[in-house]
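Trainee: Construct all of the structure, not just a fragment, from the sequences and the given hints.
Residue numbers (the working numbering), protein chains in the order written: chain A, 9 to 399; chain B, 1074 to 1405; chain C, 60 to 416.
Simulated from the structure, these hints should not be mistaken for lab results.
The structure presented is a predicted model; accordingly, all values stated were derived computationally and were not measured.
Heads up, the beta-carbon is just placed ideally off N, CA and C, and yes, glycines get one too.
Check before you lean on any hint, since a few could be wrong.
To be verified - Some chain B residues judged to face chain A by a derived CB distance under 8 angstroms, without partners named: (1) S1152; (2) I1204; (3) L1263; (4) V1343.
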Amino acid sequence: MEENKDNIDSMPETPPKKHNRFVQYFIDLGARIKGWFVDKYTAVKDFFVGLFQKKPKEELVPEGPQLSRGEKIRRGLKSQSGWLFVAPALILMAVFTFYPIIAAFINSFKQGYSGMTGRFNGWGFDNFVRVLKGDTGTGGANFVQCLVNTLVLTFISVPLSTLLALLISVALNSIKKVQKAYQTILFLPYLTNALAMGAVFATFFKIIGTASNTETVGIVNIILGWFGIDPVDWVGLNSPHWQIGSLSIPWAKYIVAIIYEIWSGLPFKILILFSAMQSINKQYYDAAKVDGASRWTILWHITAPMIMPQISYLLVTGIMGGMKQYSAIVGLFGVTMGQDYDMGTMVGYLYNYIELGQTGYAFAGSLMLFIIIMIITWINNKVTKKRTTYR
Amino acid sequence: MPKFFKKNNASEAVVGKWDLSAGDEGFDAEKAKKRDKVKHIVKEVLVYVFLTLCALLAFVPFYWMLMSSVKTEMEFRESVPTFFPHEFQWKNYWMIFHQVTSTTSGGASFGQILINTLVVGIMSTLLGLVIIIITAYALARMEFKGKNILFAIMLATMMIPGELFTVSNYITVAKLHMNNSYTVLILPFLVSVYYIYLLRNNFMQIPNSLYQAAKVDGLSDMGYLIKVMIPLTAPTLISITLLRFIGTWNSYIWPRLVNTQPWQMITNWVTGGFVDRMQPDGFSLYGGYFGSTPLDSLKMAAVCMVSLPLLILFIFCRKYIMRGVSKSGTKG
Amino acid sequence: MKISIQHLTKIFPSRTKGGKAVHAVEDMNIEIPSGQLVGLLGPSGCGKSTTLFMLSGLESPSSGKIFFDDQDVTTLAAEKRGIGLVFQNYALYPHMTVEQNIRFPLDNMRIKKEEGNARALDAARLVQIEDLMARKPHELSGGQQQRVAIARALVKMPNVLLLDEPLSNLDARLRLQTREEIKRIQRTTGITTVFVTHDQEEAMSICDTMVVMKLGVVQQIGAPQDIYDDPNNLFVANFLGTPPINIFKGRIEGGKVYIGDEVITRTSFDDREVFVGIRPEGFIYDRAGVFTLNVDHIEVMGRDKSVVSTHESSTKPTVRCIIDSDVALPPDAEKLKFNIKPYKLFLFDAETEERLR
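Mentor: So, in structure tokens, the structure goes:
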């Protein structure tokens, strides 16, 4: 049906013609596919038309004295003086942004590439194959291990902390007294240095020392001890892990990292969700109250849908940030990212190979990180396209 | 006529299934009031307990960090941790200040590191701000050929993870022999497309009539930028300044890659191990008992040195920081 | 459901320290018989909306009691009162379809799905939106949103239906249509309905009973025509009627009512300063009339004509008289004389502004 958003308002109040559900499905599908092409087409067309269209000149001075040649040139230059203003930014970006993008694409296909000398053995996918196989022959981090770690940590900690942030925001929104004080305290962890606070968190879990009077099993183990749970070496050399083939699943370290990431991720999420909740019209809550909605119903059927744009924004940025995590891991587990890089992340992988002087692998790794992030962006765009935003 | 809404007689509707007595044993206003009140208080208390618990969990790491930084290493390692130190060993701080780490790469004292961080932080914040302002101004206010394409390309680079640049930049810097300098820490991060975008939008919200009025009053373009636009967007600029400085303060990876210890930043310093180092005058905290084992109480003191300035900054600039963060949040 | 309001008072504490507390509603006493359509009328800030929200249970009174039939509901929570409330901006949940919006109260009442569907459809039919069930609120016109809001309020079969400024967000044409619609729905369901408005014409046209309020105090309660014909005080007389009533400064001397030097009518009240209110339709053109007006111009409306004139004792800049269009007026007359219909003339004490009865 040609029914689109534009004419809904002007449509008479007659119901749309009803089709068989099956037929209707294909009609809708067709309309959607058509709409997709039309959207893309007009966007591209507008862009190119805009490029070549001459804008009407404002500088026309039909009356008045004829301009001298020098004056004409001067004015012509002045109209382009904007370039002067953007030049510093442009030059810096050319060196540190545009060139690196191109270089990354080219250099990752150079076999055995050495950044310093510029020597390489030939072109091909060799770097990618070796990176994926873990066959780099350097004793550095393993890409698959790093990828798994990054994905596991991200996709557990981000939803959890978003959910927790939602609950805290709701609680914060429902109180009146000392709301500001709670808000401030809850925001504190935002302004911290990941490495520094990672080190603090590590001490909660660490077993330190050997002598009887200079030994602690860490606060977490002490608390677990109250419930009769034996101390676990959370971050140390004997940290428990599962082995799946060549892949190691250091679950104890995962737990530590996830707890830290939830702690450090909460403040930003609370800030965003809380301010979104504050801007919801109070009338919806009054209406829901009259309609007899319970607190729970209000949360899931009114508050949550109303702040859906913010929730999805947080999920997306959280996942993006999670894919690039590194500093926190160093803070928690040291520069070697655990034992033999078993807590390595994808970004950690890059730096590891830069430091090892294997820039070819670093380039290949960075390109793969780029592709993964692009895929996430693409999925996000797909999902958010469907989402309606409310007034 | 819908069946649910039919009247049976002139005055009485069929509705009225509502049991206003709201209880089995008949309606008692006092009782209901009391019950509702109790329910309300219980809920309120639960909410406050939950929030207080969360606030505690948010705060405890800071408290632990502060307290541990003045404990002796013995006390830090006690099997039942103390939540308030028996004795305050302020010498921990003295020790980390006099700790010249890793002599292999020249080593660096805390003073040197702090100077590095402040110089790089201030320079990169100020220069960055200038570049952000003039670029945003040109993009918002000036007309020149290719402006929109330029802006589109700049925005497109935001989609690409910064790590993709790092590898090439590392090589570029090495080839230009810029390692071990402040320049290498400042230059690559001067342009921040996101802040340019933010400020450009801010500039564009300023009504054109103000510009025309300023022209009539005989203000030049530059004068307009400095006397009108910058004051009007001051809150955003302050937020950008603060967030940029915090960002530089926290930078870790890039300094580690391109510079050796004496040229690194405070966050690099904190990752080192801190030991009870015998001083030239023979002083040491524990008389060499722990040998060269890194001590956690000393590390906590170092962590405090990194974290406290941020916390103090937050206390004084809470409004701007929170606004900046939430703005970049909702607009990003 | 009969509603009775006894000594209802609402005081909002002052926002600033040491400021004055606001008495939004003061000692309100009303009996609303079952099945009536009642309008709370008054200028903004008169406490009418506060009253409505106290009836709904969203605001709790500072003192006084509210009874639904014989049950004291003063402290009962909003959701237990069995009321339907239509908000001024409708407060439709934007993320739910029309059907989900209407079903929302039923889901909260844990009503079985089949019955819920039937009731939602019934409510939608009642307000004639059954074809829009799958739409989202933003796809509807203002009038349609209004109907959805009413359906959502009705679907739980409320004892009392409350409407907050139901017509204020609609354009003029829809306003006429919708107010008839509200009347029809109320007649069909027989639900006791209370609505709030600042538009006297709107209230007059559909109310069974009208409550006129000013600054938190009830001024007069009654059928619209009764209040119009028999206002309690100057405020009520002034507030009702378009064009509004003409008010003159006058006095009573020896059983005669003077405006300026002219004796308008006789009265049995004692001598005093008064305000004389004369409805625009209360003038009869008569060459030998008792009251002289300086004519400014005459507006012809078709059915009748309106003489716009001035008078030095008038409290308003112009005096408006509406007379039948077939009454011939002398052209270009600068002064015209009128007689006054006695039941269209009201006397108010100049100090208390109360009606002399």
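Trainee: Can you name, in rising order, the numbers of the hints this structure does not satisfy?
Mentor: none
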